[in-house]
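Those protein sequences? They're chains A and B, same order as listed. The first sequence begins at 1 in my numbering and counts up one residue at a time. The second sequence begins at 258 in my numbering and counts up one residue at a time.
Honestly, the hints are just simulated from the structure, not real lab data. C-beta: ideal position from N, C-alpha, C; glycine also. It is possible that some hints are incorrect.
Unchecked claim - Restraint ranges, calculated between C-beta atoms of paired labels, are given here: (1) R108/A - E428/B: 17 to 27 Å; (2) H290/B - D13/A: 24 to 34 Å; (3) R51/A - C511/B: 37 to 47 Å; (4) E10/A - E428/B: 24 to 34 Å.
Claimed, not checked - SDA-like mimics (lysine to any residue), calculated; alpha carbons at most 25 Å apart, straight line: (5) K229/A - S57/A; (6) K145/A - Y429/B; (7) K186/A - G152/A; (8) K229/A - E496/B; (9) K201/A - T184/A; (10) K145/A - P293/B; (11) K149/A - G166/A; (12) K426/B - E16/A.
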Amino acid sequence: MDSNFLDNAEFADNPEPRCPVVLVLDTSGSMKGQALTELNEGLRAFSSALRSDPLSSLRVEVAVITFGGKVRVINVHGEVPSQSEMATLDPRALAVRPAAQEIPADARQAFVTVDQFAPPVLDADGGTPLGEAVTRALALLRERKEIYKQNGLDYFRPWIFVITDGHPTDRWETAAEQVRQEETRKGVQFYGVGVEGADLKVLARFSDIRPPLKLKGLAFGEMFTWLSKSLSAIAHSRPGDQTPLTIPGWGEVDTSH
Amino acid sequence: MNLSEAVPLLPTPQVSPWQVIGASVQGTSHVKHHLPCQDAHAYCYLPGGGLVLVVADGAGSAKHSASGADEAVKTSLATVTEAWRVGLQHESHPTEKMWDALIRLLFTRARQSVLDLAKKQHHWSRDYATTLTLAIAASGWLAVGQIGDGAVVVFDAEDRFYTATHLQKGEYANETHFLTQRDALKQVQVRAEPCAVRALAAMTDGLIRLALRLPSGEPHTPFFTPLFGFAAQPQTSQEGSQQLERFLSSERVCARTDDDKTLLLAAYTSPTALGKIIPVDATQGAA
Numbered sequence: 001m002d003s004n005f006l007d008n009a010e011f012a013d014n015p016e017p018r019c020p021v022v023l024v025l026d027t028s029g030s031m032k033g034q035a036l037t038e039l040n041e042g043l044r045a046f047s048s049a050l051r052s053d054p055l056s057s058l059r060v061e062v063a064v065i066t067f068g069g070k071v072r073v074i075n076v077h078g079e080v081p082s083q084s085e086m087a088t089l090d091p092r093a094l095a096v097r098p099a100a101q102e103i104p105a106d107a108r109q110a111f112v113t114v115d116q117f118a119p120p121v122l123d124a125d126g127g128t129p130l131g132e133a134v135t136r137a138l139a140l141l142r143e144r145k146e147i148y149k150q151n152g153l154d155y156f157r158p159w160i161f162v163i164t165d166g167h168p169t170d171r172w173e174t175a176a177e178q179v180r181q182e183e184t185r186k187g188v189q190f191y192g193v194g195v196e197g198a199d200l201k202v203l204a205r206f207s208d209i210r211p212p213l214k215l216k217g218l219a220f221g222e223m224f225t226w227l228s229k230s231l232s233a234i235a236h237s238r239p240g241d242q243t244p245l246t247i248p249g250w251g252e253v254d255t256s257h
Numbered sequence: 258m259n260l261s262e263a264v265p266l267l268p269t270p271q272v273s274p275w276q277v278i279g280a281s282v283q284g285t286s287h288v289k290h291h292l293p294c295q296d297a298h299a300y301c302y303l304p305g306g307g308l309v310l311v312v313a314d315g316a317g318s319a320k321h322s323a324s325g326a327d328e329a330v331k332t333s334l335a336t337v338t339e340a341w342r343v344g345l346q347h348e349s350h351p352t353e354k355m356w357d358a359l360i361r362l363l364f365t366r367a368r369q370s371v372l373d374l375a376k377k378q379h380h381w382s383r384d385y386a387t388t389l390t391l392a393i394a395a396s397g398w399l400a401v402g403q404i405g406d407g408a409v410v411v412f413d414a415e416d417r418f419y420t421a422t423h424l425q426k427g428e429y430a431n432e433t434h435f436l437t438q439r440d441a442l443k444q445v446q447v448r449a450e451p452c453a454v455r456a457l458a459a460m461t462d463g464l465i466r467l468a469l470r471l472p473s474g475e476p477h478t479p480f481f482t483p484l485f486g487f488a489a490q491p492q493t494s495q496e497g498s499q500q501l502e503r504f505l506s507s508e509r510v511c512a513r514t515d516d517d518k519t520l521l522l523a524a525y526t527s528p529t530a531l532g533k534i535i536p537v538d539a540t541q542g543a544a
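The shape of chain B in the complex, shown without the other chains:
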């Protein structure tokens, strides 16, 4: 069960130039070991055409990591909308420093709320261990923050595909950083730069081996081109998300990954936007 239903904070998608679809699906190994889906995701639109994507991946063996992931996602979204309202929204020329500060604030708040939740429920904070990956596209900027092994992939106005941050992992394949660890805030990776984003994807590590080329971490374009095309086509978010969920549960995907997997896809679809959105194959697009 995905605890964080993706609820846009502005309930009128028409006013946003973004179209977003997303799904979190329980991994086959989680089914086998009677573990819930410990991933969470959510997104929101910002006034003025901005977008925020958040995904979190609760640690496999941490007892309450699904709650940890959910809490981290909710708090960072709440914080970003608040900070936007009181601050950055009015900034005509935001700087890298401002974005950096915003992202770090979000991670500080998200971490604190997870620690508070653990305390309130009388458990160890490590029982709530989760990664957190967050992307904001607004005011002509892209700002990304990350702790752990999720990833954000960008398709920009110059037709470039790239992964926004370095893959974060330890020496061993089953090691990474979590929001709950002592030095978590030092481990947060931040990247902010002016960027005309045409499409954006945020994912948890269950999809990494399918979506990125390792060890470089570059996006596997044949994976993203059709998916971004899918996100850009006319559909309601609900229809799209259901189809995405079926795709993530498909045998084809499950044969390659047994972990929980989350994918949030966003496409910039405003007619006044940056021209044709996505390299869509015309024959497919017309169907």
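In isolation and in its complexed conformation, chain A is listed as follows:
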């Protein structure tokens, strides 16, 4: 008997299916201080948690949109230092991180897979244009799906994950309606998280399927760890699998409205 045959079997080199998520983050003036520090820390926890899972780091694609004064698509492409650069790099240089850099709202540039994701360091200022930010997220995801289709890539249902601590300062009703419709068509899954002071009644209008969650204190770290686990579960999911709908420990459903 000869088992060499089996050793000689070569595998097709297919690209991994993608699981896109847009983080829509409130960077209005009221987030300044401890909340923003915790949010930035949380983004780093998110990145390292997803990276620890090899399949997720190739499948989950992240884009970041901030809304503070204006709506910005943030550059999340990590520049990986070369081997020689690493050798000469002063470790202290890594601690000084450049401020978040705005890039054009283009789905080709806005998303990166987790293995290349560099968590941005966000600053806070200005009003809360939530509506415009969500509309932008929807448009990016629509474009991103087109890119997947053109390139023959499989993909999972995209996520929009919104975190806010205030009341929108723009007209958000149309955006909410668009998300609700898209979610009914199974085109997207919307998750709203309110930090202390957020208008949860408004956030509730963005989804008929799941109520917004109120973040307990500033448990951003816990929240982002949960998010990374949930996205990992999706990225590993197979036909027939369902997303678990348990209420995570970091949040609570507000039943007052």
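Starting from the known structure of chain A, fit chain B onto it as the hints suggest.
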């Protein structure tokens, strides 16, 4: 655990020109989440040199999908042997219509038996959700039926490799059709055509990304050539299946897929058959 041990209904492989090996192996993610292997497979020989391969993939989150897959596989095999005995066997010139009708009968019966099983055990039928992929090579025909995201790959007498059906999936990577869904019988894909089959493979979706080129779904020939060569070499089905199982459990395979995976390989080995079976590399074949 694979519930459907592959038991040839004719226990004398010598009378069949086919050599079949097969294995279902639990995915690493199933190990991690304490899920059983929810794939099932089986095959049988038909009088007159025919062959039937069946594979099924129970849905990941459906509680009793391993039983669903097992039931679907068993029922379709039982039905095909019965239908063969009373009908098609005596047909000197089977037509595409007959094959089409046979395949649809098999899926109807398989579906009904899974629904009955769910009812008997007082569970929702969706808890038994499974895909079903079936291939019959007999009387100079190849007939394939499929619901869900399995695949059948053919190597024919004209040295052509091809995938017998279109890949069946929804918009999203984790969506497909199941035998238990309401409109399942409408979703069954059937293909029947005259074909001199030299080798045949049936697999569940755990292997698709390794075995086919996406998105076209064409077979990745460097994957199948050695495997068909392996299936054709002299060995008992049991020896071959054990080796195949080791291959499917190997690190090399598991690094690329964490799902349950099933592979059934069949090679036409009759000396009077279609000439040399497989493009075997002589140096390997002699070892």
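Evaluation of the provided hints:
no.: 1; hint: R108/A - E428/B: 17 to 27 Å; in the structure: 21 Å, holds
no.: 2; hint: H290/B - D13/A: 24 to 34 Å; in the structure: 27 Å, holds
no.: 3; hint: R51/A - C511/B: 37 to 47 Å; in the structure: 20 Å, violated
no.: 4; hint: E10/A - E428/B: 24 to 34 Å; in the structure: 30 Å, holds
no.: 5; hint: K229/A - S57/A; in the structure: 12 Å, holds
no.: 6; hint: K145/A - Y429/B; in the structure: 10 Å, holds
no.: 7; hint: K186/A - G152/A; in the structure: 20 Å, holds
no.: 8; hint: K229/A - E496/B; in the structure: 41 Å, violated
no.: 9; hint: K201/A - T184/A; in the structure: 20 Å, holds
no.: 10; hint: K145/A - P293/B; in the structure: 34 Å, violated
no.: 11; hint: K149/A - G166/A; in the structure: 37 Å, violated
no.: 12; hint: K426/B - E16/A; in the structure: 16 Å, holds
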